[in-house]
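Colleague: My request is simple: use the sequences and hints to build the entire structure.
Here is what each chain is made of, one letter per residue.
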Amino acid sequence: MNIERETLEMDVLLVGAGPANLSCALHLTNLVAQHNEKAKADGGRQLHELNIAVIEKAAEIGAHQLSGAVLDPISLRELLPDFEKDAPFEAPVGDEKVYFLTASGKIPAPILPPPLRNHGNYVISLNKFVRWLGDKCEAAGVNIFPEFPGWEMLYDNNAVIGVRTGDKGIDKNGKPKAVFEPGVDIVAKVTVLGEGVRGSLTKQLLKQLKLDAGKDPQVYSVGVKELWEMPDDRFPAGSIIHTMGWPLDSHTFGGSWVYGMKDRIINIGLAVGLDYRDPKIDPHHEFQKFKTHPLFAELLQGGKMIRYGAKAMPVGGWYTMPKPTHDGVMIIGDSAATLNGERLKGIHTAIKAGMLAAETILEALLADDYSDKILSRYETRLKESYVGKELYQTRNFHQAFDKGRNMGLMIAGISTLTGGRLPTRLPIKAGHEHMQHQQANGADRYADLKYDDKLTFAKLTDVYYSSTAHDEDQPCHLHVLDTNICIDRCTKEFGNPCQHFCPASVYEMVEDKESRKLHINFSNCVHCKTCDIMDPYQIINWVPPEGGGGPNYRNM
Amino acid sequence: MNIVVCLKQVPKKDSILRIAADQKWIDDRDISYEMSEADAYALEEALRQREKHGSGEVIVLALGPERVRQSIKEALAKGADRAIHLHDDIFNSATDAAGVARALAAALKDEKFDLVFTGLQSDDYGFAQVGLILAETLGLSSATIVMEVQPEGDSVRVKRELESGWFQWVKIPMPALLTIQSGINQLRYATLKGIMAAKKKELKEVKAADLGLTAQALQPAQVIEKAYLPIKSKQTEIIAGKPAEAAAKLVEKLKFDARVL
Amino acid sequence: MSEGILLFIEQRDGKLNRTSLETLVAVQKIAATTGDTTSAVVLGQGINEVATEIAAKKLAKVYTVEDDKLATYTPDAYVGALKQVIEKLNPRMVAFSHTYRVRDFAPRLTAALGKTFVTDCISFRQDGNDTVFTRQIFQGKINTDVRVQSAPPIFVSFQAGSYRADLAEVGDAPAAVEALAVDLSSVDVRTQTEAPFQEAKQAVDLTQAPLIVAIGRGIKEKDNIKIIEDLAAAMGAEIAASRPICDNEWLPMDRQIGSSGQTVAPKLYLAIGISGAIQHVVGMKNSQTIVAINKDPEAPIFDIADYGIVGDLFDIIPALTAEVKKAKGE
Numbered sequence: 001m002n003i004e005r006e007t008l009e010m011d012v013l014l015v016g017a018g019p020a021n022l023s024c025a026l027h028l029t030n031l032v033a034q035h036n037e038k039a040k041a042d043g044g045r046q047l048h049e050l051n052i053a054v055i056e057k058a059a060e061i062g063a064h065q066l067s068g069a070v071l072d073p074i075s076l077r078e079l080l081p082d083f084e085k086d087a088p089f090e091a092p093v094g095d096e097k098v099y100f101l102t103a104s105g106k107i108p109a110p111i112l113p114p115p116l117r118n119h120g121n122y123v124i125s126l127n128k129f130v131r132w133l134g135d136k137c138e139a140a141g142v143n144i145f146p147e148f149p150g151w152e153m154l155y156d157n158n159a160v161i162g163v164r165t166g167d168k169g170i171d172k173n174g175k176p177k178a179v180f181e182p183g184v185d186i187v188a189k190v191t192v193l194g195e196g197v198r199g200s201l202t203k204q205l206l207k208q209l210k211l212d213a214g215k216d217p218q219v220y221s222v223g224v225k226e227l228w229e230m231p232d233d234r235f236p237a238g239s240i241i242h243t244m245g246w247p248l249d250s251h252t253f254g255g256s257w258v259y260g261m262k263d264r265i266i267n268i269g270l271a272v273g274l275d276y277r278d279p280k281i282d283p284h285h286e287f288q289k290f291k292t293h294p295l296f297a298e299l300l301q302g303g304k305m306i307r308y309g310a311k312a313m314p315v316g317g318w319y320t321m322p323k324p325t326h327d328g329v330m331i332i333g334d335s336a337a338t339l340n341g342e343r344l345k346g347i348h349t350a351i352k353a354g355m356l357a358a359e360t361i362l363e364a365l366l367a368d369d370y371s372d373k374i375l376s377r378y379e380t381r382l383k384e385s386y387v388g389k390e391l392y393q394t395r396n397f398h399q400a401f402d403k404g405r406n407m408g409l410m411i412a413g414i415s416t417l418t419g420g421r422l423p424t425r426l427p428i429k430a431g432h433e434h435m436q437h438q439q440a441n442g443a444d445r446y447a448d449l450k451y452d453d454k455l456t457f458a459k460l461t462d463v464y465y466s467s468t469a470h471d472e473d474q475p476c477h478l479h480v481l482d483t484n485i486c487i488d489r490c491t492k493e494f495g496n497p498c499q500h501f502c503p504a505s506v507y508e509m510v511e512d513k514e515s516r517k518l519h520i521n522f523s524n525c526v527h528c529k530t531c532d533i534m535d536p537y538q539i540i541n542w543v544p545p546e547g548g549g550g551p552n553y554r555n556m
Numbered sequence: 001m002n003i004v005v006c007l008k009q010v011p012k013k014d015s016i017l018r019i020a021a022d023q024k025w026i027d028d029r030d031i032s033y034e035m036s037e038a039d040a041y042a043l044e045e046a047l048r049q050r051e052k053h054g055s056g057e058v059i060v061l062a063l064g065p066e067r068v069r070q071s072i073k074e075a076l077a078k079g080a081d082r083a084i085h086l087h088d089d090i091f092n093s094a095t096d097a098a099g100v101a102r103a104l105a106a107a108l109k110d111e112k113f114d115l116v117f118t119g120l121q122s123d124d125y126g127f128a129q130v131g132l133i134l135a136e137t138l139g140l141s142s143a144t145i146v147m148e149v150q151p152e153g154d155s156v157r158v159k160r161e162l163e164s165g166w167f168q169w170v171k172i173p174m175p176a177l178l179t180i181q182s183g184i185n186q187l188r189y190a191t192l193k194g195i196m197a198a199k200k201k202e203l204k205e206v207k208a209a210d211l212g213l214t215a216q217a218l219q220p221a222q223v224i225e226k227a228y229l230p231i232k233s234k235q236t237e238i239i240a241g242k243p244a245e246a247a248a249k250l251v252e253k254l255k256f257d258a259r260v261l
Numbered sequence: 001m002s003e004g005i006l007l008f009i010e011q012r013d014g015k016l017n018r019t020s021l022e023t024l025v026a027v028q029k030i031a032a033t034t035g036d037t038t039s040a041v042v043l044g045q046g047i048n049e050v051a052t053e054i055a056a057k058k059l060a061k062v063y064t065v066e067d068d069k070l071a072t073y074t075p076d077a078y079v080g081a082l083k084q085v086i087e088k089l090n091p092r093m094v095a096f097s098h099t100y101r102v103r104d105f106a107p108r109l110t111a112a113l114g115k116t117f118v119t120d121c122i123s124f125r126q127d128g129n130d131t132v133f134t135r136q137i138f139q140g141k142i143n144t145d146v147r148v149q150s151a152p153p154i155f156v157s158f159q160a161g162s163y164r165a166d167l168a169e170v171g172d173a174p175a176a177v178e179a180l181a182v183d184l185s186s187v188d189v190r191t192q193t194e195a196p197f198q199e200a201k202q203a204v205d206l207t208q209a210p211l212i213v214a215i216g217r218g219i220k221e222k223d224n225i226k227i228i229e230d231l232a233a234a235m236g237a238e239i240a241a242s243r244p245i246c247d248n249e250w251l252p253m254d255r256q257i258g259s260s261g262q263t264v265a266p267k268l269y270l271a272i273g274i275s276g277a278i279q280h281v282v283g284m285k286n287s288q289t290i291v292a293i294n295k296d297p298e299a300p301i302f303d304i305a306d307y308g309i310v311g312d313l314f315d316i317i318p319a320l321t322a323e324v325k326k327a328k329g330e
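Residue numbers (the working numbering), protein chains in the order written: chain A, 1 to 556; chain B, 1 to 261; chain C, 1 to 330.
Just to be clear, a hint being listed does not mean it is correct.
[To be verified] Cβ pair distances, simulated, as ranges:
#	chain 1	residue 1	chain 2	residue 2	range
1	B	S55	A	E152	23 to 31 Å
2	A	G94	B	Q219	22 to 30 Å
3	C	D68	B	E51	37 to 45 Å
4	B	R67	A	S104	43 to 51 Å
5	B	Y228	A	D135	32 to 40 Å
6	B	E163	C	S150	41 to 49 Å
7	A	G94	B	D22	44 to 52 Å
[What the hints assert, rightly or not] Covered by chain A, per the in silico footprint, the following chain B stretches (three or more residues, Cβ under 8 Å):
#	region
8	27 to 33
9	178 to 190
10	235 to 241
Everything labelled a hint here was simulated from the structure, so no lab data went into it.
Keep in mind it's a predicted model, so treat the numbers as computed, not measured.
Using N, Cα and C, we set each Cβ at its ideal position, and we do this for glycine too.
Modeller: Written as structure tokens, this is what we have:
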């Protein structure tokens with residue numbers, strides 16, 4: 001199909017309207033304004049008004065943003081010193097507890113482990129926060145284009161020159177509909193990928209330019225969460241609980257959070273490491289089981305579940321960070337693994353990364369040089385900043401868990417005490433490689449799990465509460481490169497774990513009289529990226545669906 | 001050909017609706033909004049008519065709070081020429097069809113147009129009245145549930161949907177008001193260039209005072225006393241027996257108890 | 001002083017629209033609590049038979065309004081005529097069925113009279129002197145109780161299927177039929193009408209179907225849909241489906257019920273082999289009568305069903321088709 005495409009020229013193109021890119025865009029407009037004011041006073045060279053575009057696959061800004069979240073305001077204070085005046089925060093962190101859970105009991109942590117101390121931080125909804133940042137960007141003249149996913153990178157001899165946006169109006173058989181609208185080639189001096197975890201363009205770029213050569217493979221967790229509306233103030237805004245242990249087995253990394261939000265809303269979730277061994281593990285089911293613990297069953301008694309969502313996060317840290325720049329391109333935020341896996345916090349680091357990227361882009365604009373010679377200064381800046389310091393200190397955290405939880409806790413403990421120093425660098429393998437072949441007569445992990453539609457919910461019911469919608473008449477956006485492997489090998493070896501690790505019932509093995517085949521309910525997809533990460537054969541490629549599709553994570 | 005399109009913004013179709021604490025409306029915190037479906041088709045039809053005709057304007061008219069600007073901008077990005085936004089707390093008083101129509105009519109008093117399009121009904125209140133009250137107030141001819149539009153000189157010939165698969169062509173003189181049925185056409189996508197161009201288009205904010213309207217004048221004549229989730233009051237009756245027996249019993253129940261056969 | 005309830009009777013080509021009888025039931029029920037006298041009005045030409053048919057019901061009077069300009073329906077003529085009728089009779093309440101025709105003229109009529117119109121109601125309750133109407137918003141997701149705050153007459157329309165036409169009370173003696181004269185000479189009929197027609201290939205509007213037979217995954221294979229088609233044909237029902245069926249293209253997408261398809265509220269919804277996932281249920285839970293046939297007794301569809309049969313649909317459906325045919329005397 002030969003398609004005529006329009007070209008749109010921009011100075012800076014940012015892919016993904018998340019905290020990293022929006023901070024980058026906002027900071028850049030501020031820096032240019034400051035520069036021009038100074039240049040005006042000094043008679044120096046002023047920059048023309050920048051054309052900055054942010055493209056975003058969601059239907060509206062923030063709709064795909066999901067996090068716990070507790071925000072460390074350190075970088076936001078630099079970006080917006082007056083943020084406390086109008087930031088849509090839930091509450092400053094107040095009462096804080098950490099427990100190690102057993103099936104029916106809880107062991108309080110004798111002291112709050114330092115990485116989990118949150119005094120001075122805020123409980124926030126990332127969705128609300130990002131919408132607020134988006135408004136600030138638009139007010140500053142940044143163009144934000146929701147419903148426009150980045151489809152492929154545009155190169156000129158390995159230098160990135162922009163991004164092609166996704167086509168719209170293709171039917172399920174791949175044929176253009178009457179209202180077909182081809183994607184546009186957006187060319188820019190600098191393209192910034194802040195796509196979040198396992199970004200689809202970032203994945204293309206790392207492969208094309210081998211920017212992850214010599215780095216550890218990234219490791220991930222998936223967070224599954226619900227919002228609950230409570231009848232009373234039993235869990236005040238700003239209260240937080242973190243737990244480790246039950247129901248996760250000792251080979252599974254992870255833990256839970258419970259945060260009190262405004263208006264009697266409880267935000268409860270479970271993060272499950274995507275380097276577990278048992279292929280039958282189902283993060284959604286683990287979370288449902290988790291809520292049946294007496295501590296939480298009682299806490300949620302009488303409440304009403306109002307929202308559900310899931311999202312993966314990169315927790316590998318320092319040793320997994322790719323080289324974040326190349327000619328014409330930068331990778332920032334979760335896409336470049338700036339999340340601190342020990343504190344399970346990535347928003348403050350993403351904001352800082354965005355700001356440092358903006359400072360580097362300003363230098364490039366002034367030098368009119370967008371090659372890696374200038375852009376690579378970003379990596380130096382990042383590593384020398386407090387973000388670099390905290391990521392370096394926690395560099396061995398997840399690697400320690402590679403050996404299972406008990407060993408991991410010990411190593412992580414030593415590592416925290418010694419400021420990250422361990423006698424040797426720990427080896428690590430990719431998360432999906434930890435998955436073991438299924439046991440012939442393995443027990444059903446979730447035999448006792450019942451869905452009562454009060455405390456616990458079937459996966460499909462939960463998906464309804466993610467407000468996920470896709471145009472049904474479009475090609476499936478989950479590319480399984482070889483479905484024969486699913487039926488011939490995977491069924492035998494792993495028992496088709498896609499049915500379990502997907503928190504949105506996208507993957508389903510359907511059997512009829514003569515055959516067994518994979519059915520993909522792509523319109524359930526909540527864009528968490530777990531399938532792309534955890535598939536043991538790495539044959540699932542997640543690409544963005546038609547712009548606007550996906551969950552709607554209001555208040556998540 | 002100048003066409004006015006009345007646009008309403010409503011909670012998104014996939015929204016999870018909860019009842020507000022005062023039980024008068026939904027809890028509108030954390031709701032995403034979109035153009036009411038039939039209005040989106042009305043806009044599309046207006047754009048297509050203007051394109052077919054080769055000249056004229058598509059003017060978007062919308063009433064509601066700040067958030068409505070997002071839908072107005074979407075309409076401008078898709079190709080509407082300019083927009084009027086009735087944006088004032090006083091308009092919050094207009095909660096019934098007559099109040100809204102009164103405000104829209106006042107805003108159109110000095111506009112020159114050949115056609116006014118509205119959606120058949122909105123996805124929230126579903127009154128199916130605002131368009132016709134507007135037509136009556138402005139003295140326009142009208143046709144509802146329109147599936148095809150063919151301007152013919154000073155008149156417009158339209159295909160109306162009747163019940164049970166029947167249709168009818170009717171012809172009315174312009175200026176006319178048409179209420180547009182969902183599915184009349186295929187909705188276009190907003191393009192990047194369209195979105196950029198929309199930033200430069202006229203978006204006029206109009207206050208109630210500009211139209212000589214007061215909260216008093218917009219008071220509703222019908223009010224929602226209570227909003228609640230439909231309650232299931234029935235008990236499931238399981239019909240046992242062999243297939244033939246169960247089928248016979250079911251038919252009997254449907255015929256004589258439920259009386260739906 | 002305004003008094004009594006006036007019911008608008010809809011006819012086309014001298015044939016009564018059945019939904020008018022449903023609204024008659026609503027009117028009779030309101031009158032039973034308020035003591036209002038009830039009368040009906042029919043507009044058109046050659047409407048004696050309709051008037052006689054409706055006069056058999058329990059009503060104080062049936063008014064006929066005949067005029068050349070009313071021979072074919074147009075909104076201008078209907079508004080002009082009814083305006084005069086209402087001014088003459090001065091009723092306390094005027095009731096309509098919420099049909100496509102009523103939607104085409106009644107809002108203009110009420111606007112011309114400066115009155116409010118409570119549309120698409122599903123029930124009412126009497127609260128002292130006030131009638132409080134229940135109408136659905138957000139496509140049936142939420143109910144509201146609505147109170148009218150203006151002087152009579154109150155205008156109201158009822159949704160099709162809200163009341164059962166067969167429950168209309170019959171009078172001890174036929175009601176008097178009275179011709180009411182109106183002067184439409186000054187009414188400018190702006191609409192030129194052409195003959196109604198049916199399209200060979202019509203889009204399915206499931207929202208208008210009174211009976212729906214819906215299938216889900218339990219049907220297993222495309223070839224099995226045949227037995228459902230037989231049942232639907234016997235019942236005179238439309239076929240609908242849950243998402244997996246349309247995903248597999250066993251039925252076209254416009255037959256899909258649920259959050260990504262249509263929302264319906266028919267008189268009868270027969271859910272066959274549908275488990276009742278919330279995504280499907282939101283599209284049909286307000287159906288008047290729900291029947292579920294499923295082999296899994298724990299299927300959530302049974303939670304919202306009025307009648308359920310637990311068993312193998314491949315045994316039950318042919319039996320059901322036979323019984324439906326028998327009941328219809330075929």
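Colleague: Verify the CB-CB distance for C/D68 and B/E51 against the hinted window 37 to 45 Å.
Modeller: holds (41 Å)
Colleague: A range of 43 to 51 Å was offered for this pair. Does it hold for the Cβ distance of B/R67 and A/S104?
Modeller: The hint (43 to 51 Å, Cβ to Cβ) holds, given that B/R67 and A/S104 are roughly 47 Å apart.
Colleague: Is it true that B/S55 and A/E152 lie within 23 to 31 Å of each other by Cβ?
Modeller: violated (39 Å)
Colleague: State whether the coverage of the region 27 to 33 of chain B by chain A holds or is violated, taking the criterion as 3 or more residues with Cβ-Cβ distances under 8 Å.
Modeller: holds (count 4)
Colleague: Taking a Cβ-to-Cβ distance below 8 Å as contact, does the region 178 to 190 of chain B have at least three residues touching chain A?
Modeller: It holds: at least three residues are needed, and the region 178 to 190 of chain B offers 5 whose Cβ sits within less than 8 Å of chain A.
Colleague: Taking beta carbons only, do three or more residues of the region 235 to 241 of chain B come closer than 8 Å to chain A?
Modeller: The restraint on the region 235 to 241 of chain B is violated, since only 0 of its residues have a Cβ under 8 Å from chain A and three are required.
Colleague: Quick check: does the Cβ-Cβ distance between B/Y228 and A/D135 fall within 32 to 40 Å?
Modeller: At 34 Å between Cβs, range holds.
Colleague: Just tell me: holds or violated, for the beta carbon distance of B/E163 and C/S150 against 41 to 49 Å?
Modeller: violated (30 Å)
Colleague: Take a look at whether the Cβ-Cβ distance between A/G94 and B/D22 falls inside 44 to 52 Å.
Modeller: violated (29 Å)
Colleague: Can the suggested window of 22 to 30 Å be confirmed for the beta-carbon pair A/G94 and B/Q219?
Modeller: violated (45 Å)
Hint compliance for this structure: hints 1, 2, 6, 7 and 10 are broken, all remaining hints hold.
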